[in-house]
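J.: These protein sequence lines are chains W and P, in that order. Going left to right, the first sequence walks through residues 1 to 652 as my numbering numbers them. Going left to right, the second sequence walks through residues 1001 to 1652 as my numbering numbers them.
Calculated from the structure, these hints are not laboratory results. Each residue gets a CB set at the ideal place from its N, CA and C atoms; glycine is no exception. Some hints here could point you the wrong way.
Said to hold, decoys possible - Straight-line Cα separation of at most 20 Å, SDA-like style, residue types lysine to any residue; simulated pairs: (1) Lys39(W) with Thr1299(P); (2) Lys8(W) with Ser1350(P); (3) Lys358(W) with Ser1350(P); (4) Lys1008(P) with Thr449(W); (5) Lys1385(P) with Lys1008(P).
To be verified - Have a look at the derived ranges for each label pair, beta carbon to beta carbon: (6) Val351(W) with Ile1394(P): 24 to 30 Å; (7) Asn1219(P) with Val61(W): 47 to 53 Å; (8) Gly1272(P) with Arg15(W): 55 to 61 Å.
There are 2 protein chains.
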Amino acid sequence: MEELATEKEAEESHRQDSVSLLTFILLLTLTILTIWLFKHRRVRFLHETGLAMIYGLIVGVILRYGTPSTSGHDKPFSCSQEDRPFTTLLVNVSGKFFEYTLKGEISPGKIHNVEQNDMLRKVTFDPEVFFNILLPPIIFHAGYSLKKRHFFRNLGSILAYAFLGTAVSCFIIGNLMYGVVKLMKLVGQLSDKFYYTDCLLFGAIISATDPVTVLAIFNELHADVDLYALLFGESVLNDAVAIVLSSSIVAYQPTGENTHAFDAAAFFKSVGVFLGIFSGSFMMGAVTGVVTALVTKFTKLHCFPLLETALFFLMSWSTFLLAEACGFTGVVAVLFCGITQAHYTYNNLSVESRSRTKQLFEVLHFLAENFIFSYMGLALFTFQKHIFSPIFIIGAFVAIFLGRAAHIYPLSFLLNLGRRHKISWSFQHMMMFSGLRGAMAFALAIRDTATYSHQMMFSTTLLIVFFTVWIVGGGTTPMLSWLNIRVGVDPDQDPPPTNDSFQVLQGDGQDSARRNRTKQESAWLFRLWYSFDHNYLKPILTHSGPPLTTTLPSWCGLVARCLTSPQVYDNQEQLREEDSDFILNDGDLTVTYGDTTITANGSSGPHTATTNLDNRRTKSSSEEALERDLGAADHEVTSRGTRLVFPLEYNA
Amino acid sequence: MEELATEKEAEESHRQDSVSLLTFILLLTLTILTIWLFKHRRVRFLHETGLAMIYGLIVGVILRYGTPSTSGHDKPFSCSQEDRPFTTLLVNVSGKFFEYTLKGEISPGKIHNVEQNDMLRKVTFDPEVFFNILLPPIIFHAGYSLKKRHFFRNLGSILAYAFLGTAVSCFIIGNLMYGVVKLMKLVGQLSDKFYYTDCLLFGAIISATDPVTVLAIFNELHADVDLYALLFGESVLNDAVAIVLSSSIVAYQPTGENTHAFDAAAFFKSVGVFLGIFSGSFMMGAVTGVVTALVTKFTKLHCFPLLETALFFLMSWSTFLLAEACGFTGVVAVLFCGITQAHYTYNNLSVESRSRTKQLFEVLHFLAENFIFSYMGLALFTFQKHIFSPIFIIGAFVAIFLGRAAHIYPLSFLLNLGRRHKISWSFQHMMMFSGLRGAMAFALAIRDTATYSHQMMFSTTLLIVFFTVWIVGGGTTPMLSWLNIRVGVDPDQDPPPTNDSFQVLQGDGQDSARRNRTKQESAWLFRLWYSFDHNYLKPILTHSGPPLTTTLPSWCGLVARCLTSPQVYDNQEQLREEDSDFILNDGDLTVTYGDTTITANGSSGPHTATTNLDNRRTKSSSEEALERDLGAADHEVTSRGTRLVFPLEYNA
């Protein structure tokens, strides 16, 4: 009879699990249908994620106030233990042994809540679900769908925004919030401890921008591709930076009693943790990406798209697990794995697998993202440890505004010093405006809600996400037209004229000396990487690029012949055309807009000083012709199978 | 410090989780690569599932004997409870409260095993994972990829094999095993209780056939499509029957002390449970399928394939959860949902979504299936409660052989009485031979391994799966050639001549009276269903079929106009061609091979008595012509928008 009762309870628990999951699925279904209606009617003021949150809110209210708060069955049982808690517990129930696993700590005040409402408990997921199940496909998809060409063109600026900018934003927000906390202590609004490290952690959590709604509208309206690349690249990379930053802040633990004092040793330990986790995760991602590329290159797996897709999926997932198992951050590793897969493996896949993998991750990404946002809506009412402090919330809104401003404007100013094609004021305002917070900030905040300070941070983060997604998401279209940012750009046809382009000049002709004057420092590093990538990595890992037999020294002849795929000689041109979105063409790199290039083409006159919107249209057509020229020269070079040489030499 | 220790342990536990999942992913990756090698070299003696098991075995051995069996950290803690166990436990550890959840019972003898090997525990999944996560995509894919045409042609036989056959097999195996158990008791090999109901449960578990390896080879060699349909249809449906049978056997609990005696009330309760669960699950599956069809029909969701695919995925998943929440069987509901989706919703999807949904579920199915099989290999060594009893195992092998024989041969004999195109001896032998056991038997057996009898059943099931998958999988190709079963059949071009075809004659011309003489009883029922489906369900749920305005009575005019999609009039022919694999064409149903049809074509002579292989080739070409004829007539009929009439009338 006891067994039966246990079984019944397990069954009941399973049924409730099903109901709670069903709730989310119905929520998502409803979201999808409404989104369709919105897209159908061309409504743009509310993005699907914003909608998912609204539906989540409604269901949250119903669950909170509409379900009975009785749960007679599983009354908690208390028995005292001496030592620290075990992860496994064996309990003797009238002669039979039952195994229990540790779920987590419960603050003494909340004990009665635990038994209060079964349904609310059921819809509350383990926070690790977000990090281990929902975020990886989102982040991988982001890495896998980075538009390589525009991303690499703006790599320097993107890295600066993501690393420097996020760090700046984190410290400014952290310090401002510390001021707010001091103020709260003064007016007696703070009822528990709130350390400086907590404030910094909040800064790190809230510095992960997620302009999902803005980018969706950019995509739909075909807004300027370089602004898109800057925003998307920044948001993708700063997620990684924010995760690692928050881990290193948690690792900062001053020795001794005074946790407020600055401890140099702990600080350097934190910096070490940051560098270690970041580089380790990066390595993990790159390594599994490279392994996948090698496997898909040297087997003829592309005859069986199902096997290929499955392998691709498994290898990408294993990145995450490998990084977690080694103590690095899986989500960060997955991001770099996605980028590597797109850069190398994608070229080795069969045509069917390319669309399969893209579509598979697109669906996973879509479902995971909307799930997280609807969960956020739900959590506002069902999460049981909210602490809303008006001062803290207002302070946080001001702090993120100031933090974003201190991140975008000074950095853009500095970058513009080095960039030939400046980031215009309208772009800067748009980037300032697009500092939404989304899934990543939420996942970071919900990860640890054990203490008073973390609970307050979580509640505040939730409100910030709501506010930014709704207001900023709805205001994107008006903002775009107000700032006069051009839309309807074809990303493949029209290279934007107002942005930095790394002037990678591979040749050593007489033109290059003149061009080198305007070359930024970063371009030197990037050029080195690019030639290494093009001459060695691409040929080793994919079927494209120049044959290794020509790029490697002659004493490596045998190895070079083994590693070079026979298709290199035949397929090069075909591949080149197919992957235009994904492979960084030589043409893209060697194109330099403005006077220098045009000189080479013998028509510099009218293009040098044109910056206003109308002239751009006429300009683009002649630039297209230039690109075609360069493309042809490029093909000529590669089809001869020689080293990559600056194409303009041939034009001159 | 305590908190830190707990955190460290949680981290360590997470790391081990990652490692164990990583193990499985590497196993699957290895399987994929080897499979590619096998396919590349055209090796057919070992299927991917068999290979996955072998790799699983190897890793199992390594984990069992190669990892240290120490786990000092989580020593179990015992404290006595008075009553039955709670699902949630609150434990007071020096003033702090921790929450624990019930994991399951542990037999007293195994307490020390619990603490023995962490790694082994980590790779042991909760049995419900199989039922709730891995089986649904497998079963849904099976339903979604049923080749409708050949499936419906043989529906009567498939239903007979699946329902009657599985019941016969279950009872024969159950009774034989009861004899074996009695024998074991006599020779003193039985150390604990083993009831008659346990034997019947074993019969139900082991009656779920899974000819995955055979079907893979059939697919590759393009073996006879009707044999394929019979085997595949039987295996898909008998999974459902076996699940529901085992649930009803578990529900059979005689009142009073003597559990051996037959209890009529309990028996009828079991039958009621069977019927209730089966019909309930069927309804759930059908309803969500129909809802999805309606949603995809009446919204223009097909303009956004991503939304459409996501909706399709969510709705199909919700079937499972809905059925589980209502106390029915999710896996069975998912099966019928898959069939409904393929029959109706598939027609409403955009071309892109069709391939997306197919590919998505194909990948999920592939991964889940291979995961289960590699887990099986692993479980042989890592599962800690194995009981291998030689007598029971030998008895079980004999019993499944006899059970399969008693299932196939008598039933085929009975079916052949009614079928015009008999199931030949070679087909019967092949079906007898293809009685493999796979994922479903395993999932059913591992679900409950609490008692001695269930543990013995689980170990035996595992061995049966190994044996049948390896031996039968390897022997399929020789068996096919030995039995002279034709291969290289094009399923769309060549309708097989040696099988039953439901002679659904919709017209009332003078030919039909003659044809009705040969009509089976089941065809009457099926005809009724078919005309209902074609005239009402198809037009309501999809964009195909005759307009409702012509099939519904005139007083429903308004409703009919609302429900009929405007595309019906235009798109009919186009849709018809696209879905030839999925939609049951009228042409398929009305084609009757042999004398009667050929008469209508005026060339009955040479085709009437041709049954040997060589003549079939010549026959097929004239049959093709006939099908084209019928097809044309069919189009003529439908394009006029009238009721479906037997096309031969127009030919005559």
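J.: Hey, Lys358(W) versus Ser1350(P), does the alpha-carbon distance stay inside 20 Å?
T.: holds (18 Å)
J.: Has the given pair, Lys1385(P) with Lys1008(P), been kept, meaning a C-alpha gap of at most 20 Å?
T.: violated (30 Å)
J.: Would the hint linking Lys39(W) and Thr1299(P) be met if the CA-CA limit is 20 Å?
T.: holds (12 Å)
J.: Check the hint pairing Lys1008(P) with Thr449(W) against an upper bound of 20 Å on the C-alpha distance.
T.: holds (17 Å)
J.: Holds or violated: 47 to 53 Å for the Cβ distance of Asn1219(P) and Val61(W)?
T.: Between Asn1219(P) and Val61(W), where Cβ atoms are some 51 Å apart, the hint holds.
J.: Is the hinted pair Lys8(W) and Ser1350(P) satisfied, with a Cα-Cα distance of at most 20 Å?
T.: Violated - the C-alpha atoms of Ser1350(P) and Lys8(W) are around 44 Å apart, more than 20 Å.
J.: For the pair Val351(W) and Ile1394(P), does the Cβ-Cβ distance stay inside 24 to 30 Å?
T.: Given about 52 Å between the Cβ atoms, the range is violated.
J.: Can you tell me whether the CB distance of Gly1272(P) to Arg15(W) sits inside 55 to 61 Å?
T.: violated (20 Å)
Of the numbered hints stated above, those contradicted by the structure are hints 2, 5, 6 and 8, listed in ascending order.
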